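Engineer: Sequence:
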Amino acid sequence: MRSRWLALAPLLTLAATPALAQGEDDEGWVEQRQVSLPLAHNARPLTLPEDMFDVFLDSGITQLSPQLVEVALGAGARYGVTDELEVGVRLLRVTLSESRNSGLGRPTAFTQLRADLGAVELSGRFELELPTSAGPLVSWLSLPTLVRAGPYVRLDVAPTLVARTGAAWQWALTTPVVLSGQVLPKLRIFVAGEVGLPDLRTGRDLLLALGGGAAWTFGGPRPSAELEARVTGPAVALAGERPDDPAYGNYFAGALTLRLFFAGPSDDWRRSPF
Numbered sequence: 257m258r259s260r261w262l263a264l265a266p267l268l269t270l271a272a273t274p275a276l277a278q279g280e281d282d283e284g285w286v287e288q289r290q291v292s293l294p295l296a297h298n299a300r301p302l303t304l305p306e307d308m309f310d311v312f313l314d315s316g317i318t319q320l321s322p323q324l325v326e327v328a329l330g331a332g333a334r335y336g337v338t339d340e341l342e343v344g345v346r347l348l349r350v351t352l353s354e355s356r357n358s359g360l361g362r363p364t365a366f367t368q369l370r371a372d373l374g375a376v377e378l379s380g381r382f383e384l385e386l387p388t389s390a391g392p393l394v395s396w397l398s399l400p401t402l403v404r405a406g407p408y409v410r411l412d413v414a415p416t417l418v419a420r421t422g423a424a425w426q427w428a429l430t431t432p433v434v435l436s437g438q439v440l441p442k443l444r445i446f447v448a449g450e451v452g453l454p455d456l457r458t459g460r461d462l463l464l465a466l467g468g469g470a471a472w473t474f475g476g477p478r479p480s481a482e483l484e485a486r487v488t489g490p491a492v493a494l495a496g497e498r499p500d501d502p503a504y505g506n507y508f509a510g511a512l513t514l515r516l517f518f519a520g521p522s523d524d525w526r527r528s529p530f
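Numbering (the numbering used here), first residue to last: 257 to 530.
Warning: the hint list may mix true and false statements.
Restraint-style ranges between C-beta atoms, simulated for each label pair [what the hints assert, rightly or not]:
| hint | residue 1 | residue 2 | range |
| --- | --- | --- | --- |
| 1 | Leu-417 | Pro-363 | 19 to 29 Å |
| 2 | Ser-389 | Gly-496 | 24 to 34 Å |
| 3 | Arg-356 | Ala-405 | 37 to 47 Å |
| 4 | Pro-322 | Gly-374 | 45 to 55 Å |
| 5 | Gly-380 | Ala-299 | 19 to 29 Å |
| 6 | Pro-387 | Leu-341 | 20 to 30 Å |
| 7 | Ala-495 | Val-439 | 33 to 43 Å |
| 8 | Val-409 | Leu-378 | 17 to 27 Å |
| 9 | Thr-458 | Leu-384 | 18 to 28 Å |
| 10 | Pro-322 | Gly-359 | 14 to 24 Å |
| 11 | Arg-356 | Leu-378 | 39 to 49 Å |
| 12 | Gly-374 | Leu-352 | 41 to 51 Å |
| 13 | Pro-415 | Gly-496 | 11 to 21 Å |
| 14 | Leu-352 | Leu-373 | 39 to 49 Å |
To be clear, the hints were calculated from the coordinates, so they are not data collected in a lab.
Just so we're clear, the structure is a prediction, and the values are computed from it rather than from any experiment.
Here a beta-carbon is modelled for each residue, glycine too, at the ideal position from N, C-alpha and C.
Generate the whole structure from the sequences, applying the supplied hints.
Structural biologist: Take a look at the structure:
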């Protein structure tokens, strides 16, 4: 499945200079619109603000079997086209282990569009592996949703349909859920779970993996960096049986993610067009 039951990968976020977008007033002067991201994670939207870049690095380690450990590395970037639309790519996907499935994975491209309803945000996200090598391709269609309960509690849910091409198409359904508590403006803790059907054609096996973690944000009043650590337990079968495949989480897994935020290339001064 998408996260190999490593659950939602952990993160670190570095936010630098504020972004400034240009807009012309009635007198012909160009004004700059400051783009910023809230310091507290629970106040942040599902998509990046307009004209902001996010470069992310992540790593994870998974015990696939008593003798086999897998290390995963990833890197990519996102960009806020508007406050409601972002696009991105994951250029680096590498797994290192003695497993025959280890090695360099295909890059992926994705886009996400959101609707802000106040305490609730809805969005649609599509991600697709790029055909840089032969073999089946994987795509993900998800509906990330967040619900805020005041300034301290946030619930994120992302039902995801996974499709894999091949001689016969394979379909899976997974739903990551994260409940976050904003302990301090810079500190949040969370519990996470992921429930899914590895094979929609049979629909017999229903799996659940649980985990949790914490994240610390640096900076202020805007975030300059955020580091997230996450641990995920092995998947258990709520119905049917867990497939005999270490990708579904035979043992505990840990992950870290680093995100770097950069403003778009705008001027921070007012100027006349004449």
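Engineer: Hint by hint, say whether it matches the structure.
Structural biologist: A quick look at each hint next to the structure:
{"no.": "1", "hint": "Leu-417 - Pro-363: 19 to 29 Å", "result": "holds, 21 Å"}
{"no.": "2", "hint": "Ser-389 - Gly-496: 24 to 34 Å", "result": "holds, 33 Å"}
{"no.": "3", "hint": "Arg-356 - Ala-405: 37 to 47 Å", "result": "holds, 46 Å"}
{"no.": "4", "hint": "Pro-322 - Gly-374: 45 to 55 Å", "result": "holds, 49 Å"}
{"no.": "5", "hint": "Gly-380 - Ala-299: 19 to 29 Å", "result": "holds, 22 Å"}
{"no.": "6", "hint": "Pro-387 - Leu-341: 20 to 30 Å", "result": "holds, 25 Å"}
{"no.": "7", "hint": "Ala-495 - Val-439: 33 to 43 Å", "result": "holds, 35 Å"}
{"no.": "8", "hint": "Val-409 - Leu-378: 17 to 27 Å", "result": "holds, 18 Å"}
{"no.": "9", "hint": "Thr-458 - Leu-384: 18 to 28 Å", "result": "holds, 25 Å"}
{"no.": "10", "hint": "Pro-322 - Gly-359: 14 to 24 Å", "result": "holds, 22 Å"}
{"no.": "11", "hint": "Arg-356 - Leu-378: 39 to 49 Å", "result": "holds, 40 Å"}
{"no.": "12", "hint": "Gly-374 - Leu-352: 41 to 51 Å", "result": "holds, 44 Å"}
{"no.": "13", "hint": "Pro-415 - Gly-496: 11 to 21 Å", "result": "holds, 20 Å"}
{"no.": "14", "hint": "Leu-352 - Leu-373: 39 to 49 Å", "result": "holds, 42 Å"}
In this structure, none of the earlier numbered hints is contradicted; all agree with it.
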